[in-house]
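Undergrad: Below are the chains, spelled out letter by letter.
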Amino acid sequence: MIAAASVVAAPAATRRRRTIIWVCSAVVLLALGVAGLTLGDAPVSVSDAVSALLGGGESSTRLIVVGWRLPRVALGAVIGAMLALSGALFQVVTRNPLGSPDILGFSAGAYTGALIVIVGGSVGTVALTVGAIGGGILSAALVFALVAWRGASGTRLIIVGIALTAMLGAVNTMIELAADDVVSRSAAIWGAGSLNGIDGRWMPVMIVTLLLGAFAIAGLRPALALYELGEDRAASLGVRPVRLRLSAMIVGVVLLAVTIAAAGPLAFIALAAPQIARRLWRSGPMPFAASAMTGAVLLVSSDLIAMRLFAPTMLPTGLVTIGVGGLYLAWMLSGANRRRR
Amino acid sequence: MRLSPRLRAALAAAVIVPLFAVTACASAAGPSGSDSAAGDTVVVDTVYGEVTVPAEPERVAAISYDTPWQVMSFDVPVVATIDYTQWIDSYTEEQQAYVADAAKVGSYGEINFEALAGAAPDIIVGDAYEVDEATFTRLSEIAPTVIVGGDERGDWQSLTEDLATALGVHGTWAKAKESYVARRDEVKEQYADVISANTWANFSLGDEAGQFSIQLPTGSTGNLIVNEMGLTYGEGIPLEDEGGFGYASFSLEQIGTILDGVTVGLTFENPDGTMMPAIQDVIDSSLFQQLEIAKTGQVYGLSTSVTDYRSAEAWIDELTTKVLEPLSK
Amino acid sequence: MTALATDGRRRARRPSDAIVLPIVLLLLIIAIGVSIAVGPRTLSFDELLAALTAPTGTEADLIVRDVRLPRTFIGIAAGSALAVAGVIMQTLTRNPLAEPGLLGVNAGASLAVAVAIVVLGVGDFGSTMWFAFAGAAIASALVALIGGVGRGASIGRLALTGVAVAAVLSAATSALSLIDPASYQQMRLWGAGALGGRSLEAATLAIAVVGIGLLLVVVIAPGIGLLALGEDTARALGGRVGAVRTGGFIAIAVLCGAATAAAGPIAFVGLLVPHALRAVFGPDTRRLLIYSVLAGPLLLLFADALGGVLIAPRSIPVGVMTAFLGAPVLVALVLSRRVQAEGAPS
Chain D
0 MIAAASVVAA PAATRRRRTI IWVCSAVVLL ALGVAGLTLG DAPVSVSDAV SALLGGGESS
60 TRLIVVGWRL PRVALGAVIG AMLALSGALF QVVTRNPLGS PDILGFSAGA YTGALIVIVG
120 GSVGTVALTV GAIGGGILSA ALVFALVAWR GASGTRLIIV GIALTAMLGA VNTMIELAAD
180 DVVSRSAAIW GAGSLNGIDG RWMPVMIVTL LLGAFAIAGL RPALALYELG EDRAASLGVR
240 PVRLRLSAMI VGVVLLAVTI AAAGPLAFIA LAAPQIARRL WRSGPMPFAA SAMTGAVLLV
300 SSDLIAMRLF APTMLPTGLV TIGVGGLYLA WMLSGANRRR R
Chain R
0 MRLSPRLRAA LAAAVIVPLF AVTACASAAG PSGSDSAAGD TVVVDTVYGE VTVPAEPERV
60 AAISYDTPWQ VMSFDVPVVA TIDYTQWIDS YTEEQQAYVA DAAKVGSYGE INFEALAGAA
120 PDIIVGDAYE VDEATFTRLS EIAPTVIVGG DERGDWQSLT EDLATALGVH GTWAKAKESY
180 VARRDEVKEQ YADVISANTW ANFSLGDEAG QFSIQLPTGS TGNLIVNEMG LTYGEGIPLE
240 DEGGFGYASF SLEQIGTILD GVTVGLTFEN PDGTMMPAIQ DVIDSSLFQQ LEIAKTGQVY
300 GLSTSVTDYR SAEAWIDELT TKVLEPLSK
Chain X
0 MTALATDGRR RARRPSDAIV LPIVLLLLII AIGVSIAVGP RTLSFDELLA ALTAPTGTEA
60 DLIVRDVRLP RTFIGIAAGS ALAVAGVIMQ TLTRNPLAEP GLLGVNAGAS LAVAVAIVVL
120 GVGDFGSTMW FAFAGAAIAS ALVALIGGVG RGASIGRLAL TGVAVAAVLS AATSALSLID
180 PASYQQMRLW GAGALGGRSL EAATLAIAVV GIGLLLVVVI APGIGLLALG EDTARALGGR
240 VGAVRTGGFI AIAVLCGAAT AAAGPIAFVG LLVPHALRAV FGPDTRRLLI YSVLAGPLLL
300 LFADALGGVL IAPRSIPVGV MTAFLGAPVL VALVLSRRVQ AEGAPS
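Residue numbers (numbering that gives the first Met the number 0), protein chains in the order written: chain D, 0 to 340; chain R, 0 to 328; chain X, 0 to 345.
So here's chain D without its partners, still in its complex pose (with noise of 0.2 Å):
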């Protein structure tokens, strides 16, 4: 294996700079963590909440901190880096900063997995997982099938990608609204991508995931790295392009796929942080640890809007993620656009 790590070191002086950027981070996602334990509707003092923590303080307030939020903060930790990890594992194989699963379409695709499942009668961690993880390989697969058969540039893998997207959410519709009282009830509620309620069964299978697919990134990195420098270059430094594109793409729509299956789709947070990560790092290949951080800290800030923006209605979060995401795309491609100007 080549040691990418050494050949594209960087200097000095950025390196000072990412580590202070991977202390402020750290700080902000304590803080979220801070916010998330003692904000809410039953306020709680952050010293309340450490002893809560430590397994002192009354009962109720260990309920409600250690049963309740510590579950939706850290869950949503852990869920927004993956569908980060996830993103910049599409954004490299793709060579596009938008190509993002949920824009790809499988995101759609999962969903539609898993809303067969519903249907089908079970609400089950498993089977649910099953048909999310179905549901996201057959939609990538279409996807590149079919930009395959007539040549991946970047541009028509997006579009190709929106028709997806808008074909499955019809036949989204489609199901649910030919399903009986019951099941379209579930389906809609678990649909809007939520953090509400999540449930702590989800806490083991996400972790596991998570570890797994940072394992898996940690092996493809530097491959990946000299795949982010072109195609033939990469082939001639002993790169298999097409097996590497297929790891990371796996890799990608499981990380994805579970998500979904726990929680709903939750849009634009598996575009924004990878970018958002790049931004920071200014140069060097694609920081996918920069971009598990940032994923993490955008899904547990924007699910404390959620919870809190028009207390005591609570908003799904997969909608505030579609506001913020989408504002920041609209705000990037404009961006794009000045610089061509």
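Rather than coming from a laboratory, the hints here were simulated on the basis of the structure.
Computed from a predicted structure; not experimentally measured.
The beta-carbon is built from N, C-alpha and C at its ideal position, and this holds for glycine as well.
One or more hints might be untrue.
One side of the interface only, derived from the structure: several residues of chain X facing chain D at Cβ under 8 Å [said to hold, decoys possible]:
| no. | residue |
| --- | --- |
| 1 | Val162 |
| 2 | Ala171 |
| 3 | Ala191 |
Looking from chain X toward chain R, a few residues come up when the C-beta cut is under 7 Å (computed) [as the list claims (entries may be wrong)]:
| no. | residue |
| --- | --- |
| 4 | Gly38 |
| 5 | Pro39 |
| 6 | Arg40 |
| 7 | Asp60 |
| 8 | Leu61 |
| 9 | Asp65 |
| 10 | Val66 |
| 11 | Gly195 |
| 12 | Leu199 |
| 13 | Ala201 |
Following the hints, complete the assembly by docking chains R and X onto the known chain D.
TA: Here is chains R and X on its own, set in the frame of chain D:
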């Protein structure tokens, strides 16, 4: 950074794994939120299994849409309900007063668990249609939770019986049922002529603009009308309920065929006497206006919503006063 | 940059109007006829004839007048409006993928209508229409500004900007309806596009307004044809580019606003129709505009009929049907050799 990717991944794991451990312990420790109840307890059968509840609960949280009114019919006060503020005008004064002081713990389908915990209930009751098993588990962490369900969408009879049993007020429920049955039979006998001389239908707004709906015997209103009171539905009304919704929606085009032969039309009205705009649209439509019931003016809006035996009896009283009495003259 | 590159092959001769026009007209008449004649309640031919020619107030007359005719009129109005708006957008932005649904114009009109209903309590069609105009105009301006139109713009970026703007606007619309459950009922199925539920007066008003929009298009049509040749060429040939752009912008706002206010946001019509016509006529803007007026309603009425039949007795909203039909066409379009998509935006 000079750390190799693998080392970085290992560091991340070192952060994540303790987090995992804490959360896993949390879920294990979770459901001991409530203090052990002083006093007797009783085991009741619910949709999600057997639950141990206080024998005489004092702080009841009713968190599904119809549940507060059902609890109200047992003369039991509530401390927490969902937030009805936005459509409070569609409820009677008695209902409004009943929920006025209760804590608002969420909206339809989205329960605010923290607010609910803050209300410190000693029992939580709800409807299986709105509360799935995952939500039930979470609610159980706050207080013993009884989720009840009927046999069909409109079956409040067995639902309220289970509810009353869980709240320890089965006697009150039985009395209300007795009173209802007596009143029902009394009215059926007294107005037997009017009932048999007419063909009936309960209609309402449809799923979209340009549609109307018929309340089927599988729903609470339709059940009362057809099965309990023995009012015959018009022959043109299709009675199958495939989706289990308790009603069926049709295009206004079909209103002539479906309500063919119907001599008395019943619908829903707000307690203050006004009609819902969408229902008024159905009534004002030209196709409705050429029905027999529109021409003879035999369209009556009933405002009592039926969720339990007391409101069912009130509905019968309203039917008698507004419809049967005038028709028998 | 030219979006539609000629591929250098020998061009087949385009079919003449004498053949195509009668065919399209015939199909349209059949579609209108089906829309009026077919419904949940079966009517005999005599009843239909009487309803249309000498209505006397029988039930059949009322069904036709108050349920089927409005539905048909709305289908005609929205269909031609969206198709023509699609042609204009594609010419103005020099982007074969520009259409009112994809570029968020309809989402903007939708949000404006939602604000009118939820925040201001306005409900009748005539008033909401003004809001829809404003919403469509603002959304178009936003997308044009951010995505960049004209020289140097990438096709993909504009499409993506549209997706982004549409996503944010529909999220806002969803949020509004969640906050006010009473209007949620009103907005729920309209949000996916529906041709029914309007009175005959409203439907006639919709046709009238779309007619006005189309009149404006007639005025700027020559200018649009020139613009299709390229901005410099147009200027050299004496076309007033600025005026045509402004006129086109207003026409789009009026057409999409009226269509969305009447039938909810419907996507892909502005894509399907112009491209189907282009396959027949080539880049003949004048013919595209004329035939769009006829083919747009044809598509919409067909999609509506199909949606009513597939999962009977429930019906699929027409907006869902057009997405289902339009998405594969979009894919075929972008993958075909005729469209030279540019490289990825940086």
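Undergrad: For which of the previously enumerated hints does the structure constitute a violation, in increasing order of number?
TA: 7, 12 and 13
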